[in-house]
Structure formats: C-alpha cells, structure tokens
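Trainee: Take the two lone chains, each set in its own frame, and fit them into one complex as the hints suggest.
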Amino acid sequence: MNKVVKDAEEAIRGIRDNMTIMFGGFGLCGIPENTIRVISKTGIKGIICISNNCGVDDFGLGILLKNKQIKKMIASYVGENAEFERQMLSGELEVELNPQGSLAERIRAAGAGIPAFFVPAGYGTEVAIGKEEREFNGKMHILEHALTADFAVVKAWKGDTHGNLIYKYTASNFNNMMAMAGKITIAEVEELVPAGELDPNFIHTPGIFVQRIFQGVNYEKRIEQVTVTKN
Amino acid sequence: MALDKNQIAKRIAQELKDGYYVNLGIGIPTLVANYVPDGIHVTLQSENGLLGIGPFPYPDKVDADLINAGKQTVTYVAGAAFFDSATSFAMIRGGHVDLTILGAFEVSEQGDISSWKVPGKLVKGMGGAMDLVASARNIIVAMQHTNKGVSKILKKCTLPLTGVKCVKKVVTDLAVLDVTDNGFKLIERAPGVSVEEIINSTEGKLIVEGEIPEMKL
Numbered sequence: 001m002n003k004v005v006k007d008a009e010e011a012i013r014g015i016r017d018n019m020t021i022m023f024g025g026f027g028l029c030g031i032p033e034n035t036i037r038v039i040s041k042t043g044i045k046g047i048i049c050i051s052n053n054c055g056v057d058d059f060g061l062g063i064l065l066k067n068k069q070i071k072k073m074i075a076s077y078v079g080e081n082a083e084f085e086r087q088m089l090s091g092e093l094e095v096e097l098n099p100q101g102s103l104a105e106r107i108r109a110a111g112a113g114i115p116a117f118f119v120p121a122g123y124g125t126e127v128a129i130g131k132e133e134r135e136f137n138g139k140m141h142i143l144e145h146a147l148t149a150d151f152a153v154v155k156a157w158k159g160d161t162h163g164n165l166i167y168k169y170t171a172s173n174f175n176n177m178m179a180m181a182g183k184i185t186i187a188e189v190e191e192l193v194p195a196g197e198l199d200p201n202f203i204h205t206p207g208i209f210v211q212r213i214f215q216g217v218n219y220e221k222r223i224e225q226v227t228v229t230k231n
Numbered sequence: 232m233a234l235d236k237n238q239i240a241k242r243i244a245q246e247l248k249d250g251y252y253v254n255l256g257i258g259i260p261t262l263v264a265n266y267v268p269d270g271i272h273v274t275l276q277s278e279n280g281l282l283g284i285g286p287f288p289y290p291d292k293v294d295a296d297l298i299n300a301g302k303q304t305v306t307y308v309a310g311a312a313f314f315d316s317a318t319s320f321a322m323i324r325g326g327h328v329d330l331t332i333l334g335a336f337e338v339s340e341q342g343d344i345s346s347w348k349v350p351g352k353l354v355k356g357m358g359g360a361m362d363l364v365a366s367a368r369n370i371i372v373a374m375q376h377t378n379k380g381v382s383k384i385l386k387k388c389t390l391p392l393t394g395v396k397c398v399k400k401v402v403t404d405l406a407v408l409d410v411t412d413n414g415f416k417l418i419e420r421a422p423g424v425s426v427e428e429i430i431n432s433t434e435g436k437l438i439v440e441g442e443i444p445e446m447k448l
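Going line by line, the protein sequences match chains A and R.
In terms of this note's numbering, the first sequence has 68 at position 68, counting the first letter as 1, and numbering is strictly consecutive.
In terms of this note's numbering, the second sequence has 283 at position 52, counting the first letter as 1, and numbering is strictly consecutive.
Keep in mind the hints are simulated off the structure, nothing from the lab.
Since this is a predicted model, take the numbers as computed values, not measurements.
Do not rely on the hints blindly, as some may be mistaken.
Said to hold, decoys possible - Listed next, the in silico DSS-like pairs over lysine-lysine satisfying Cα-Cα at most 25 Å (straight line):
(1) Lys131/A <-> Lys387/R
(2) Lys131/A <-> Lys396/R
(3) Lys396/R <-> Lys139/A
(4) Lys387/R <-> Lys139/A
(5) Lys386/R <-> Lys436/R
(6) Lys168/A <-> Lys292/R
(7) Lys447/R <-> Lys416/R
(8) Lys352/R <-> Lys66/A
(9) Lys292/R <-> Lys221/A
(10) Lys230/A <-> Lys236/R
(11) Lys352/R <-> Lys72/A
(12) Lys66/A <-> Lys355/R
(13) Lys139/A <-> Lys399/R
(14) Lys72/A <-> Lys355/R
(15) Lys158/A <-> Lys221/A
(16) Lys352/R <-> Lys68/A
(17) Lys139/A <-> Lys386/R
(18) Lys355/R <-> Lys45/A
(19) Lys348/R <-> Lys131/A
(20) Lys379/R <-> Lys241/R
(21) Lys68/A <-> Lys355/R
(22) Lys71/A <-> Lys352/R
(23) Lys131/A <-> Lys355/R
(24) Lys416/R <-> Lys236/R
(25) Lys292/R <-> Lys158/A
(26) Lys221/A <-> Lys355/R
(27) Lys66/A <-> Lys348/R
(28) Lys355/R <-> Lys71/A
(29) Lys66/A <-> Lys41/A
(30) Lys241/R <-> Lys230/A
(31) Lys230/A <-> Lys292/R
(32) Lys348/R <-> Lys71/A
Only chain R is shown next, with the shape it has when bound in the complex (with noise of 0.2 Å):
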C-alpha cells in the first residue's frame, strides 16, 4: 500500500536528531510536525521571522502579526525568537539550519529539484525555496513518486528548476531514495509495495542491492 501524506510526514520524522534546527515547506513537511519522536526535541524555523514555532493557536489567541511562512496563524513556543527576513535568511544561507524538508514537483538523479514553477500555468513565485536549497546543509524532499502513473523521480528534471546538486534524500509514496553521486539508491519500500513496482515508477537511474527493508511507521 502506498503511504498517505500523513505516512510519508511520519516516516520523515524518523530522520531528525535532538537538538536540529528545521524549516519545513508547505503541504506534507508542515505534517512532520506532528510526529516528531518522543525524547527529541526540535526547533522549527519559519522563513517570514521565527525561530520556535508553536502550534496552531486557540481560537481566542489568534493574532494577525503572528503567522508562519504557509501565511497561517500561529503560536511561539517557550524560547522562542522574533527577527526580520534578511537574519531569517542569514540563519538559511549561513548553514545554521540544519534540515531543511520541502515539496517538489520533480527531483533528479543529480539531486536537481523543481518545485516553484508550471510555465504557462502556474506562477506564484519561489519564496524561500531557492535559498533553502541552495545553502541547507541536509535537504529531505517530500512528494509522491508519481502523477497518474508518471514518474516524478526522474533522469533530469523537466519544469524549471528551483536549485541543482542539492537534494539529499527523498521519500515519496512508495520508497525512501537517497541521492548518491550514481542516482538514487533504493533505501526502503513502502509497506506491502514491490521493489518491482518502484522499480516500474522511477525513471530516473535507480540502485537496487540486496533486501530492500519495508519501512516501520
């Protein structure tokens, strides 16, 4: 069975470390939130000028000048901190977030990501997302494998790129891929889906050694 978006957030959670600093993107990497492990203790940086970004707030506490980077309302949580875009950058650029999580629309064997723009269809702009990847020294990508039966794991990324050489592991639907200097290598497979039926799902170059491990959720 292919994992739901929940899935794939609850298995990415499994990669952090006590004491990471994280930014997480929009859409599922806003889950992995929800499912960090017990005894590890994360700080989550929002781009927009927070470091400690606490749960959604009460209906009565909710506050216009408190919202993270998806533009929803939000809490802080105890030591957290408050500063502008270009120290928020500085925090991104200068290496000191240490997990970076975000979605993409395709990723490469290079470890290429696109992930801000549809031409001709969709353009809203890139936000972050270039700066994150860029300089993040950790960059996990979450995303399903792919769209309507075509692969979104590719050779080379097709739509317009948001960074180059900078994804270092993915985890879609059906499987945990790291990117190596050889393309992606086959780390673990969903519950119940076959190597073959990644195998059939990913076009890019993909390394298959030995027993493929079912991940644990």
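The following block holds chain A by itself, in its conformation from the complex (with noise of 0.2 Å):
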C-alpha cells in the first residue's frame, strides 16, 4: 500500500475535463490550497465542483472561476464574490444552491452508501421543487439525493501514510464527509507523519477513505474577516 505522492501535480493525475470534483473548506478555511493552485495551472475545464462556498475573487476556487475552469457549482452560499455573481447572472456558469446541511448530508450518504434520505430544510421553498415530498411524524419533508464525485480534494492538519487525517478547530468542515464521497480522494496536510505517530484515539477520518495523500507546501491560509478584541 502507498498512498504518498509527492505533491499536487502528481496527486491529480487521470482529472479531465468535465469530472466532477468535490473541495472541502467553508469559506476560505480549511480549503486544499496546493491542489487548486496546481488545478488553475492545468487548463483542465468543465467542472462541476462540488463545494460550500466558491472562494473569493483571487483565492481559492475565485481562481478556477475566473479561469472559466468551472462549468457549473453546487454550494450553499456563493456571496463575497463578484466573478462569480457575473458568470452566473450571464448564464456562464450553471448553479444550484442547496440548503447547507443537506449539501454536508447529500455528500455523507454518498460515502456511507445511501442513497436518498427525506429532510425537512428547503420544504415549501424553491429548493423543494421538483422533488418527491412526504409527511413522516406529522412534518413535511423533501427527498434529497446522495452527491458522489470523480475526485474528492480534501486539506487536513495532520496526516500519515495510511491516509489517517486529522483537521484543526474548524477547519474539518466539508472535509470530513468529502473524503468518504470521492471516487478517488486526495488529502493534502500540514504534516505527513509515517503511520503509527498519529495517535488511533484521536483520528478524524480513517485512512480507509483516503487514496492520495501528500504534504502541501507553502500555505497562505487567507482570513476573509479579521475581527479582534483590542488588547
């Protein structure tokens, strides 16, 4: 078993155009900041991308945006950048928004083999149409279906060799369930350790979801708000 590539380059091998990729973060935290960067430098296009938010104007997926790389997106909420708003209002990039916890639902059933599940969120809403709609306990509720992808990108603190993660504060977010639903799932870390150095207690996602892993260099770790209290 060796699931160690040497970096991003070679941890995106057999991405073509038109797949669909899932990228963990919310906001700008806890985003594959190496695996975007090298992305945006391929010229691969047509992805369906698979994502909470959509970055800002020049970081994170902003860049595949406005590279025009992404031919449609799948989040939750998409404001905080103005590429984005253009392409979608010019009918350049197809959207649909999902209520927030259904998106991290839809992509954990993916990874733990389900299907569809009903939720009450988005009934009576135009999320709903469309969709199959059913009473369970008195309460109304919408079919939602499990979101798979080709590639699944996810960023974690700390990693090993087995592809054990584990992420820092909230920086687990999306990341979590996306390495159970790609295809393929790349993990890129802070720190690769040799397997054995992480301690098993303390594991977030088991190596068992992750096919790709590698040490990332480099990270900017950008702060859409800085807010302080004043010492």
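Mentor: Rendered as structure tokens:
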C-alpha cells in the first residue's frame, strides 16, 4: 500500500475535463490550497464543482472560476465573489444552491452508501421544486439524493502514510465527509507523518477513505474577516 | 423611540434560559452574545463546526483555522468541541439546538420567513438558514419592523421563502410579537412607541389585547 504522492501535480493525475470534483473547506478555512493552485495551471475545464462556497475573487476556488474552468457549481453560499455573480447572471455558470445541512448530508450519504434521504429543510421553498415530498411524524419532508464525485480534494492538519487525517479547530467542516464521498480522494496535509505516529484515538478521517496523500507547501491560509478584541 | 440594533439584541437576550444551546445568525443576532443575563450560561453553536464560541481573539491569537459561520475569526470557550458540517447539522436537524435567532427580510402571520434571496438583486445562497428554520425547536427573528415605512411584518411574504410556519417570535425596533395560530400577537412595545404606531407599521393581522407593556431594557 502506497498512498503517498510527491506533490499536488502527482496527486491530480487522472483528473480530466468535465469531471465532478468536490473541494473541502468553509469559506477560505480548510481549503486544499495546493491542489486548487495546481489545477488552475492545467487548463482542465468543464469542472462540476461541489463545495460549500466558491472562494473569493482572487483566492481559493475563485481562481478556477476566473479561469472559467468551472462549468457548474453546487454550493450553499456564494457571496463575497463578484466574478461568481457576473458569471451566474450572464448564464456562463450553472449554479445549484442547497441548504447547507442538506449539502453536507448529501455528501455524507454518498460516502455511507445511502442513495437518498428525507429532510425538512427547504420544504415549501424553491429548493423543493421537483422533489418528492412526504410526511413523517406530522411534518413535511423533501427527498434529497446523495452527491458523489470523481475526485474529492480535502485538506487536513495532520495525516499519516496510511491516509488517516486529523483536522484543526473549525477546518474540518466539509473535508471529513468529502473524504468519504470521492471515488478517488486526495488529501493534502500540513504535516505528513509515518503510520503509527498519530494517536489512533484521535483520528477524524480513517485512512480507508483516502487514496492519495501529500504534504502541502506554502500555505497562505487567508482570512476573510479578521475580527479582534483590542488588547 | 424605536430601538437600535443593540437594544433589539438586548431584548432578545431576555429570552435566553440557563443551559440553552443557541445558534446566532449574522448581524443583530450575533450581538445577542453581548447581553447574556447574569447567572445564565448558554453555549453558542456555529454551524461551521464549533460548539462553545468565545469572544473575538486578541490580535496575536488570530488563527485562520478558527472562524465562525460569518467567517470572522473567533476563540473557543473551556468545554468547547469541534466537529464536521454533517455532525453540526445533525445537532440542528435533530432538534438538539434549543434556540435559533436569525434575521429576516420579511415574516408572515403564518410564521413564514424570507431571508435569503432578492430576485435579480441579491443571490448569495441560503447557507444554513433553511436547515435552521426547518428544524429548530424555537425560532426568534430579529429585524426592522419596516423598510422606509413599508411594513416587513406581512400577511404573506413577497420574497422567496426560507421556511414555512416556523417563526415563533419576532423582535423588531418597535415591538415584540408572538406568532400565533390567529396571526401576530402584540406582546410588548418599544419604550415611547404607541400601539397605534405599531398597528400602522404592521401589514399582517395583529392581535392587540388589553394594555401592552413597554419593554424593560
């Protein structure tokens, strides 16, 4: 078993035009910076992109958007990005907005082998259009389907050579479920260690979900809104 | 005098009970954290994966990996926990969060809420709002009563809905309203604001019974 690859260039082998790719992160927190950067240099296009957000104009998935590499975006919140709005309103970019919890669960469900499930979120709104509705315990629900992807790209704090991952603070977000849902999951980590060095009691993503892992470099870790308490 | 944003937050904070797990939306709801009454301990949930939000960090403690759902840098309190988004929404969808406080563009007398989209103008996405309103046990909306004199407390929402029949209470700059089976019920008025002024600012059905007390802030 050898899951370790040298870098992002090696990790993305097999990604082709028109594939569905999931990217972990919430806003710019916990995004796979290295892999996004490398994909932006490849000219791969027609990406169906699943991610909670779409970066900002000049960072994160915003770079792929600016390069017009994304054909369709499946997300829950896409503010803070002028180019996104322009492409969406002009019809260049297809957009499917999901309630955030339904998006998270659709991804988790794919990884867990559950093809569809009922949730109350979105009932009675435009999100419910075209979806099966059913009453459970006196409350209306809508049917949501699992979301899988050709590749899932996640970012963790620490990882080992078997693909076990640990996230830091709120940087777990969508990464943990996406790791489960990719046909091939690429994990980039800040610190890659030999198997056995991470305490198995504290693994967030078990290595079975990860096919390729590498140590990332030059993390910028941009912050959207720095808010502080004055000293 | 109509309330300012901080006063709305202060009034909503009176609804908090000891031991509550609370999700605060962006804007006025976030300010509620500043007015938690003495002797009451609440735990704040952030849907991006934190139970136990603390105050903003000191400048030298800012960490890109530690943010709230508004993407602001935060800290965590003793006893906090971090988790992924599916677990976070299990807390929300599963009814484990006691109270959700969020903003709105409009609410209706049936308890419907519009808060995420203005067609042709603002399309940012619903984020976690639809999940929250569909599942929270108790939902309080913090909002302005009118927009330049036009009521936002309506018979029927005009903007795309976030959820139906879910709002339980509305706190505006003018009044506290409960959403009942028969429409909005006036509970309290802002100091110095008359019942007539509230009636004139409310398009939806408003029930006024007996003397309406002023809010105590």
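Trainee: Which numbered hints does this structure break?
Mentor: Violated: none.
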